[in-house]
Amino acid sequence: MISFSAVVKRYPGGQEGLKGVSFSIEAGEFAFVAGHSGAGKSTLLKLIPAIERPSSGAVLVNGQNVGALKRAALPYLRRNLGLVFQDQKLLYDRSVYDNVMLPLAFSELSGREAARRARAALDKVGLLAREKANPIQLSGGEQQRLAIARAVVNRPSVLIADEPTANLDAGSAAAILEIFADFNKVGVTVLVATHDEGLIGRFARQVLRLAKGSLVQ
Amino acid sequence: MKTWLRQHRQAIAAAFGKLAAQKSAAALNALVIGIALSLPAGGYALLSSLRTISVGAVLEPQLSVFLRAEVKRPEADTLGARLKTDARVSDARFVSREQALKELQATEGLAEVVAALSHNPLPDAFVVRPKRTQGAHSTDAALLDALASELRALPGVAHVQVDSAWARRLGALAGTARLATALLAALLAFGLVAITFNTIRLQILTQRAEIEISKLIGATDAFIRRPFFYLGALQGLAGGLVALVILAASLAALNIGVSELAASYGSSFRLGFLEPGDALAVVLFSAALGWFGAFLSVSKYLREIEPK
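Those sequence lines, one after another, are chains F and S. Counting from 1169, one number per residue, gives the positions in the first sequence under the working numbering. Counting from 44, one number per residue, gives the positions in the second sequence under the working numbering.
These are calculated hints, taken from the structure and not from any lab test. You may find that some hints are simply not true.
DSS-like cross-link-like pairs, simulated, lysine-lysine; straight-line CA separation at most 27 angstroms [said to hold, decoys possible]:
| # | chain 1 | residue 1 | chain 2 | residue 2 |
| --- | --- | --- | --- | --- |
| 1 | F | 1292 | F | 1380 |
| 2 | S | 343 | S | 61 |
| 3 | F | 1214 | S | 127 |
| 4 | S | 343 | S | 145 |
| 5 | F | 1257 | S | 115 |
| 6 | S | 115 | S | 127 |
| 7 | F | 1300 | F | 1257 |
| 8 | F | 1380 | S | 351 |
| 9 | F | 1238 | F | 1214 |
| 10 | S | 61 | F | 1257 |
| 11 | F | 1292 | F | 1238 |
| 12 | F | 1238 | F | 1257 |
| 13 | S | 351 | F | 1257 |
| 14 | F | 1238 | S | 343 |
| 15 | S | 351 | F | 1187 |
| 16 | S | 351 | F | 1238 |
| 17 | S | 66 | F | 1300 |
| 18 | F | 1300 | S | 61 |
| 19 | F | 1214 | S | 145 |
| 20 | S | 145 | S | 115 |
Far from chain F by the CB rule (all over 10 angstroms, computed), these chain S residues [stated by the list, open to error]:
| # | residue |
| --- | --- |
| 21 | 116 |
| 22 | 162 |
| 23 | 203 |
| 24 | 228 |
| 25 | 256 |
| 26 | 284 |
| 27 | 294 |
Heads up, the beta-carbon is just placed ideally off N, CA and C, and yes, glycines get one too.
Only chain F is shown next, with the shape it has when bound in the complex (with noise of 0.2 angstroms):
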């Protein structure tokens, strides 16, 4: 599902993000990327949507290389894939509805299946209450939610999210990786960096251990 195969990123200037890594995750794991600030779990996570590009290796997802890929297909790889931020990147001037129906806008769906698609999102986060508020209204933990419900509204068969308990507290936190559980749980493959051990340990996963751009056992 996803492979790194001795990748290595190299930044402008020389410094190295990643140095080297391998891993593979098969489709339906829910693995966590660990590691400090600046262990290089940001940069090993962008590589998979092709925010970033590899220096050497190669990341394979599906079986595609997307290190390789050309700049226009690169849309309908992120379709696939679903991607949750710390900062959640949601539009503060649409309502939480219009956020959620985003991803949709560009899809093959009807404008009656894409409502119906975004409202039983918002409602497996429990924000469907809120689909007409802005999200500028919400608390730290919903605007988190709101972001996996735009994340998962096109039913993507892989989820990604950097830090997405960075800012939250631990009720919150919990609340959050019990939804990513629940998505694992009906087959989706996730994958979550984070520098909380805490999390780490009560969820019990996979662990893909970085320090200094490269893993660690």
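Keeping the supplied structure of chain F fixed, place chain S upon it in accordance with the hints.
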């Protein structure tokens, strides 16, 4: 196909939404574009109106050879035969004094003047059309003058007038004005493209976050570009419509003075508005330029925005 149409509908709605969100800025842009476009459109309308005058005029040079009042018809016929055999003359048409009076009577505003005359003051005349000089655009002016001088010396000739010089000058002036209008249109078209380019650039910068997010969640470049293209085209379209309104209002104002002036010459001449096809062309041209400005802007700036 259904999805494609839906996406275009959404893009048009988004473009209208952006215009509605910035009403004052959109109105000012339309006004600026409208003013810029109304200048060449006005020039074109003016030239079209003037063409109705110059079309009626004879642009080919010709000479009017007026005979003395005492010249009898046989002498006139002899003169006519001589003119027709001249190698420099293409055609010589006899216009009798009676026929000239009839033509004068038929001229707008002169019927009453002619009716007031006690006798026919007009002479018999020949209208002489010289042969064109090979390779020249028109008959050489010097040759024309030389021919006129020779004809003046002929027995029975009272006066020779080189006709149509004014019409040729008007034609040349109209040609220069047409060229100036075309240059002005091209220059202002660049201006319109620049205005749209800048407006769309600002829109792209304003929507940077949205574009970034759209790219992250799998929107294609075409999907992201579309609303900006429609926005540029709508802005151009609005500017084109404003230009027509400005032109119509300006012509209406000018026509007050023009019709008074024309009436003093016994004419009902008025400056006309653009033909429906030309008016439509102004609006479509403006929309196309708006689209082009948006295309240039989007091509330049959209690639610079990538998710981080």
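Satisfaction of hint between residue 1300 (chain F) and residue 66 (chain S), Cα-Cα up to 27 angstroms: Holds - the C-alpha atoms of residue 1300 (chain F) and residue 66 (chain S) are around 25 angstroms apart, at most 27 angstroms.
Straight-line alpha-carbon gap residue 1238 (chain F) to residue 1214 (chain F), limit 27 angstroms: 16 angstroms, holds
Distance restraint between residue 1257 (chain F) and residue 115 (chain S), which requires alpha-carbon spacing of 27 angstroms or less: 102 angstroms, violated
Restraint check for residue 351 (chain S) with residue 1187 (chain F), where alpha carbons must lie at most 27 angstroms apart: 20 angstroms, holds
Satisfaction of hint between residue 127 (chain S) and residue 115 (chain S), Cα-Cα up to 27 angstroms: 19 angstroms, holds
Pair hint residue 61 (chain S) and residue 1257 (chain F), alpha-carbon separation not exceeding 27 angstroms: 21 angstroms, holds
Claimed clearance of chain F by residue 256 (chain S), with the beta carbon kept past 10 angstroms: It is violated; residue 256 (chain S) is separated from chain F by about 5 angstroms at its closest Cβ, not greater than 10 angstroms.
Straight-line alpha-carbon gap residue 1214 (chain F) to residue 127 (chain S), limit 27 angstroms: 94 angstroms, violated
Cβ separation check - residue 203 (chain S) to all of chain F, threshold 10 angstroms: Holds, since 77 angstroms exceeds 10 angstroms.
Pair hint residue 1380 (chain F) and residue 351 (chain S), alpha-carbon separation not exceeding 27 angstroms: 20 angstroms, holds
Given pair status - residue 343 (chain S), residue 1238 (chain F), alpha carbons within 27 angstroms: 19 angstroms, holds
Pairwise hint evaluation, residue 61 (chain S) against residue 343 (chain S), where the allowed Cα distance is 27 angstroms at most: Between residue 343 (chain S) and residue 61 (chain S) the Cα gap is close to 20 angstroms, so the pair holds against 27 angstroms.
The structure fails to meet hints 1, 3, 4, 5, 11, 19, 25 from the earlier list, while all remaining hints are met.
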